[in-house]
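Protein chains in written order, with our numbering: chain A, 185 to 358; chain B, 20 to 577.
Since the hints were made in silico from the structure, they are not lab data. Hints may contain errors.
Said to hold, decoys possible - Some chain A residues close to chain B (C-beta under 8 angstroms, calculated; not the full set): (1) Gly187; (2) Ile195; (3) Ile198.
To be verified - From the derived model, a few chain A residues whose C-beta atoms are all more than 10 angstroms from chain B: (4) Leu188; (5) Lys209; (6) Leu211; (7) Ala222; (8) Val224; (9) Leu277; (10) Arg286; (11) Leu289; (12) Ser296; (13) Leu300.
Glycine included, every Cβ here is placed at the ideal spot set by N, Cα and C.
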Amino acid sequence: MYGLIAAEAAIFTIFVVAYLFYVGKSLVGPLPNEVLHAPVFLTICLLSSSLTIHRAVAALRRARMRTFELWWAFTIALGAVFLGGTAREWHHLIYDQGLTVRTNLFGTSYYSLVGLHAFHVTVGLLGLLTVLLLGLGGRVGQEHTERLDVLSLYWHFVDAVWIVVFTVVYVIGR
Amino acid sequence: MTTASIPWMQSDVARRPLVERLHDWVTTVDHKRLGILYVVYALVLLVVAGIEAAIMRIQLMAPHNDFVSPQVFNRMFTMHGTTMIFFVAMPLVFGFANYLVPLMIGARDMAFPRLNAFSFWLTAFGGVLLHFSFLGGSGLYGAGTAPDVGWFAYAPLTAKTFSPGHSTDYWTLALLVSGFGSIGTAINILTTILCLRCPGMTLGRMPLFAWLSLTMAGLVILAVSPLSAAQMMLLVDRYLGGHFFDTQAGGSAVIWMHFFWVFGHPEVYVLVIPAFAVVSEIIPVFSRKPIFGYPVMVAATVCIGFISMSVWAHHMFTVGMSPAANGFFVLSTMAIAVPTGIKIFNWLATMWGGTIQFRTPMLFCTGFLFQFLIGGLTGVMLACAPFDWQLGGSYFLVAHFHYVIVGAILFALFGGFYYWFPKVSGRMCSETLGKLHFWLFLIGFHLTFDCMHVPGILGMPRRIYTYEPGRGWDAWNLWVTIGVVFQGLGTLVFVGNLVWSYFEGDRAGSDPWDAWTLEWSTESPPPVYNFAALPVVRSRRPLWDLKHPEDPDWKYEQ
Ligand code: HEM
Ligand SMILES: [Cu+2]
Numbered sequence: 185m186y187g188l189i190a191a192e193a194a195i196f197t198i199f200v201v202a203y204l205f206y207v208g209k210s211l212v213g214p215l216p217n218e219v220l221h222a223p224v225f226l227t228i229c230l231l232s233s234s235l236t237i238h239r240a241v242a243a244l245r246r247a248r249m250r251t252f253e254l255w256w257a258f259t260i261a262l263g264a265v266f267l268g269g270t271a272r273e274w275h276h277l278i279y280d281q282g283l284t285v286r287t288n289l290f291g292t293s294y295y296s297l298v299g300l301h302a303f304h305v306t307v308g309l310l311g312l313l314t315v316l317l318l319g320l321g322g323r324v325g326q327e328h329t330e331r332l333d334v335l336s337l338y339w340h341f342v343d344a345v346w347i348v349v350f351t352v353v354y355v356i357g358r
Numbered sequence: 020m021t022t023a024s025i026p027w028m029q030s031d032v033a034r035r036p037l038v039e040r041l042h043d044w045v046t047t048v049d050h051k052r053l054g055i056l057y058v059v060y061a062l063v064l065l066v067v068a069g070i071e072a073a074i075m076r077i078q079l080m081a082p083h084n085d086f087v088s089p090q091v092f093n094r095m096f097t098m099h100g101t102t103m104i105f106f107v108a109m110p111l112v113f114g115f116a117n118y119l120v121p122l123m124i125g126a127r128d129m130a131f132p133r134l135n136a137f138s139f140w141l142t143a144f145g146g147v148l149l150h151f152s153f154l155g156g157s158g159l160y161g162a163g164t165a166p167d168v169g170w171f172a173y174a175p176l177t178a179k180t181f182s183p184g185h186s187t188d189y190w191t192l193a194l195l196v197s198g199f200g201s202i203g204t205a206i207n208i209l210t211t212i213l214c215l216r217c218p219g220m221t222l223g224r225m226p227l228f229a230w231l232s233l234t235m236a237g238l239v240i241l242a243v244s245p246l247s248a249a250q251m252m253l254l255v256d257r258y259l260g261g262h263f264f265d266t267q268a269g270g271s272a273v274i275w276m277h278f279f280w281v282f283g284h285p286e287v288y289v290l291v292i293p294a295f296a297v298v299s300e301i302i303p304v305f306s307r308k309p310i311f312g313y314p315v316m317v318a319a320t321v322c323i324g325f326i327s328m329s330v331w332a333h334h335m336f337t338v339g340m341s342p343a344a345n346g347f348f349v350l351s352t353m354a355i356a357v358p359t360g361i362k363i364f365n366w367l368a369t370m371w372g373g374t375i376q377f378r379t380p381m382l383f384c385t386g387f388l389f390q391f392l393i394g395g396l397t398g399v400m401l402a403c404a405p406f407d408w409q410l411g412g413s414y415f416l417v418a419h420f421h422y423v424i425v426g427a428i429l430f431a432l433f434g435g436f437y438y439w440f441p442k443v444s445g446r447m448c449s450e451t452l453g454k455l456h457f458w459l460f461l462i463g464f465h466l467t468f469d470c471m472h473v474p475g476i477l478g479m480p481r482r483i484y485t486y487e488p489g490r491g492w493d494a495w496n497l498w499v500t501i502g503v504v505f506q507g508l509g510t511l512v513f514v515g516n517l518v519w520s521y522f523e524g525d526r527a528g529s530d531p532w533d534a535w536t537l538e539w540s541t542e543s544p545p546p547v548y549n550f551a552a553l554p555v556v557r558s559r560r561p562l563w564d565l566k567h568p569e570d571p572d573w574k575y576e577q
């Protein structure tokens, strides 16, 4: 998993570099400071989901199944809220502001970077959901702690990447 | 364990139907079979890409030749370069590592056998996809819709405007797919080496081959991922109308070069480090001396791995960078020569005073030493930015990197073939044919690539499809092409040797070279489970300890 994370980190690095390289180089609008609003609420959701998944695995380690399922479901909810928020933001950008991948460099690099992250969140959510369903069917037990540790590691990574993306896109990029 | 429970061995006793045996190969997750699959696949594509090279050389044999059209010529050099790097060299390297690493560190298989199989099939699919492009568009003779943008696919050549149709998409998708395969394999190798070593096999006792594979895997993870990222951006550009590399909309072509070479330079070390690994195993055995300066060799390799991540822009001197950037990349590139030089000295020191036996593997390693030295020296020349401004992009450059890729990497891997063939097949390779292969290839190699430096110095640019007579290039180009004939013959002898020896070669026994690493403690070919009982290791030469209980290594090593 650490190997995979290293590879993923390298991929994200390249996208971040491209984003930074193209900040302010768009020839036509709309520009980031005209259309972007920092999604503070969503960020809080995503970051706190790192906490909940940590609690979930900790509960599993002590074989407290109910607690585990509760925290796990919480994590999924928080992730889903985040994803929904991104969808709303994109809808707003596309239909109200007319910003698409084709519009300008900002559009291209913005949708690629944020989209790549959203894709990772989606993959993570699918993984989490699978575990939840298996768990509700009584097929997850203490002996799976190690595997879920790996999954939660991935989730932490996705969160950490968001911190970088947030900084780059909504703080530096404006 | 009886043979009945080992389906693979059983096929010798009672031949099962062909379909069933093929099915076993397709569904296998055994690291040894996957290693063989990688290597066989690479050999097939070696021949394909070799034919592509031959077509180019026939075209350039004489001035004003019209054997192929300019368009087909573009497609040939693109396909040749891409195939050689991604579908010959990489699979060869992965094949060797796949087969040998678990055996050498005393493990029963790779850490993730199914991921291993998946990665191989991704890589294989990538190569098929790439060559599938020959069937499209303007038909076979016009070379279909094969990509024609060069193996580094510089923007904006790859933009929709300049590359309509799907040729560039073939290139991108093929490399993306095989890139994911490579990352998977690298993670697998890394995890295997870090987690599955047998008792006593500390990091300090691992064969150099394992150490260098570890470095290689790390480099793959850090180098191929940026390429994948850049490919994704190219796909966004081509399919979604993005502007990453679209100079008309403010996008940058130079950033593609940076992204490509951030991958591209470490990539050449991904290929050469396993070649070092092969040489570091063969030279000691055929000099009958332990490797000289083991810790220094490890340190130098890791050092090379790190520095190689910071030299990429020496491929971009001709683009025009700031003096500060030029200076940095000149110095970092030259810095690599230091650990590399140390390695060469250590190999020589290993041979020094040894009882050298010039069997075929050793012959190839000797060729490697000389040619790698020369290739490295022309590399240092090119690393001087002003020199590169003159000769970068000329045939001199092409001669340089072929010196390294063919003269060093391929020679070392050929040596590896002859060295480990007995282990893999249970039969010895024919020495006579092996030596014939060596001499044919050596002569061909030097004819081709020594001669290639000269037209470069005389001003012949790379990637031209024909030229005017009377510039002093004609005779040299003819010699270059004649060399290709020898290399082709040598390759035929090689493939013939493998096939013949597989059926007719002498039985090898478990340890035909009297070697010292763990893979030789198994039967040849090794059983599916590798080791009936996991070995316990006390020094860097476990088999030496077994054979010489009166004077074991572990008494001296600390
Ligand atoms: C170790 C294995 C090596 C391999 C496989 C290798 C391969 C290559 C390849 C494929 C290129 C082609 C670039 C192009 O097509 O534009 C190249 C260029 C170059 N190589 Fe190497 N090389 C190796 C070692 C070295 C060393 C040791 C040095 C210097 C100390 C070096 C310095 C250069 C430079 C400066 C260029 C750029 C020339 C240019 O693009 O104008 N290389 N090499
Ligand atoms: Cu380089």
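Going down the list of hints, with the structure as the test:
1. Here the hint on Gly187(A) is kept, as its CB sits about 4 angstroms from the closest CB of chain B, short of 8 angstroms.
2. The beta carbon of Ile195(A) comes within 4 angstroms of a beta carbon in chain B, closer than 8 angstroms, and the hint placing it at the interface holds.
3. With its C-beta approaching chain B no nearer than about 4 angstroms, Ile198(A) sits inside the 8 angstroms limit, and its interface hint holds.
4. Not every C-beta of chain B lies more than 10 angstroms from that of Leu188(A), the closest at about 6 angstroms, which undercuts listing it as non-interface.
5. Look at Lys209(A): its CB is around 5 angstroms from the nearest CB on chain B, not clear of 10 angstroms, so calling it non-interface is violated.
6. The Cβ of Leu211(A) sits about 5 angstroms from the closest Cβ of chain B, inside the 10 angstroms cut-off, so the non-interface label is violated.
7. Here Ala222(A) stays apart from chain B, with its beta-carbon at least about 24 angstroms from theirs, past the 10 angstroms limit.
8. Once the 10 angstroms rule is applied to beta carbons, Val224(A) is consistent with being away from chain B; the minimum gap is 28 angstroms.
9. Residue placement check: Leu277(A) keeps its beta carbon more than 10 angstroms from all beta carbons of chain B (closest about 15 angstroms).
10. At the 10 angstroms boundary, the C-beta of Arg286(A) falls inside the reach of chain B, the nearest C-beta of that chain being 4 angstroms off.
11. With 10 angstroms as the threshold on Cβ separation, the claim that Leu289(A) sits away from chain B is violated: the shortest Cβ distance comes to roughly 5 angstroms.
12. Not every CB of chain B is more than 10 angstroms from the CB of Ser296(A) (nearest about 6 angstroms), against its label as outside the interface.
13. Once the 10 angstroms rule is applied to beta carbons, Leu300(A) is inconsistent with being away from chain B; the minimum gap is 8 angstroms.
Hint check: violations occur at hints 4, 5, 6, 10, 11, 12, 13; the rest are consistent with the structure.
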